[in-house]
Amino acid sequence: MQPLVTVEDIHTFYGKSHILNGVSLQVGAGEVVGLLGRNGVGKSTTLKTIMGLVNPSQGRIMFEGKPVSGMPSHKLARLGIGYVPEDRRIFKLLTVMENLRTGLDRDGVAEEKKKQLLDKAFTYFPRLSERRAQAGGTLSGGEQQMLAIARAMMLEPKIILLDEPTEGLMPRMVSQIREIIDVLHKEGVAILLVEQNVPLTLESSQRVYFMEKGAVRHQAAASQLTVNDPVIHQYLGV
Amino acid sequence: MDIPWDIIIIQTVNGLVSGMILALVASGLTLIFGIMDVVNFAHGELFMLGAYMGVVVLATTGSFWLALILAILIVALLGAAMQVVTLRPLLGRDPLNTILATFGVSLVLQNYALWQFGPVARKIQEPLSGQFSLFYLQYPWYRIVIALLSAAIIGGLYLFLKYGRYGIWIRATTQDRVMAQAMGIPVPWVHTGVFAIGAGMAAASGVLFGPLVGVNHAMGLDWVLKAFIVVVVGGMGNLGGSILAAIFISLLEAYASIWVSPSQAIIVSSVVLILTLLFRPTGLFVPTPK
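Chains as they are written, first to last, in the numbering used here: chain A, 1 to 238; chain B, 1001 to 1290.
Wrong hints could be hidden among the right ones.
[What the hints assert, rightly or not] Simulated pairs of lysine-lysine, DSS-like, Cα-Cα distance not exceeding 30 Å: (1) B:Lys1162 to A:Lys115; (2) A:Lys114 to A:Lys213; (3) B:Lys1123 to A:Lys120; (4) B:Lys1123 to A:Lys92; (5) A:Lys114 to B:Lys1162; (6) A:Lys213 to A:Lys186; (7) A:Lys113 to B:Lys1162; (8) B:Lys1123 to A:Lys75; (9) A:Lys120 to A:Lys75; (10) A:Lys115 to A:Lys186.
If you're looking for bench data, these hints aren't it; they were derived computationally from the structure.
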């Protein structure tokens, strides 16, 4: 089967520092894949590179079998790649509804479909429905995280690049994030998940990649790993 | 001392009228700065070209209103082309690059106008010549019309930004260019569109203001200087702030010219600028940052 996203040997630089040093990975359609590693090994940069926000100097990225390296990110978003960044990047002065409309107001989306997508988001995140007329910047951290995920869902993505969704959240919010990952998975949306929360990553994902020094060093089926696995110790040093 | 109420009321009306035109010029300027971080030094020349387009279309068709609409459309297209050719390749570079680029464009446009239309000022005939009595003055209705039309255009812009699909794109891009792009918003075209809107608004004010001053190749300089002051005083990139600052500064100048000559009254806006930069550099009409 053809993978949804294929990353082949990408190298990315910030100025002179070599951040990605030949990253290769694959995500199948509808698959939840975890990306683990210590801070600063290039996990977020990998997501940014796939999203077209950072240009790799070498290597290539394929989406549904077609090369997409160098394509501007707004085109990638329209192809079906959703991005939920680490710092959430809510449009703070836009209301919750307007934040959602940034992804919803595309050509070729019928009113009926828009309503469906909004209803779905508001069913999963009732808090957002209550606060739909409120400015994004006035939401709590957890609510902003929900909004960031809901906003990406408006694009009807085939894959969501999810960067540390539980960072700094209360336990109750964390379990809500876990639920939404499961829901998206059941709907057939693929997820590339960067997380520090190892138990959550192992539970939510089918496969896990381990990164070190700007490259993927190891991969394993999530079901074969436990939190105390030597591999986890090796790459995360917990 | 008697308070000269009649003069104060007349100057209030004058201040509001020029304030609204200034707001029209400044809101385009501030919108462009807000979204692209580009200080458009050619904005005054777009204002001037708008006025000349008005002269040309009025001479051909005889209709002021048609001239207004065509001038807006033509200059908006010109602005879009200018953005694509000169600014888009420079996006994300040091601001000095875009300042020099727009300054270069302004010199080209000014000298083009001088070459094409000559140094003698042209006149735009105002579309209505009625007057009404304001104390000892016969006050032209046209000035009131300008103020109302400017307010209507700014109001239209506000509604577009607030409720329109592309308005939301513009606000999202202004706040976070990168995330807007990741949400599928075609940011390069949003920039071009905003530049076109700003250019069209400058052209509108050029045509509307033409009948009051006469049209020449250097008319943009005064206005753009004042518009820059307004944009800084109102808080760079803050639309509402620019509009309030335009009215505030124009009123101050109008009142000042009760006691000093109008050319000296311009000093007032410079003083406001300096005081703003010294004591509240984020702008007078923005909420205090928390």
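Right, here's what the structure says about each hint:
no. : hint                  : verdict
1   : B:Lys1162 to A:Lys115 : holds, 20 Å
2   : A:Lys114 to A:Lys213  : violated, 42 Å
3   : B:Lys1123 to A:Lys120 : violated, 60 Å
4   : B:Lys1123 to A:Lys92  : violated, 47 Å
5   : A:Lys114 to B:Lys1162 : holds, 19 Å
6   : A:Lys213 to A:Lys186  : violated, 33 Å
7   : A:Lys113 to B:Lys1162 : holds, 23 Å
8   : B:Lys1123 to A:Lys75  : violated, 48 Å
9   : A:Lys120 to A:Lys75   : holds, 24 Å
10  : A:Lys115 to A:Lys186  : holds, 21 Å
Hints 2, 3, 4, 6 and 8, counting from the list given before, are not met by this structure.
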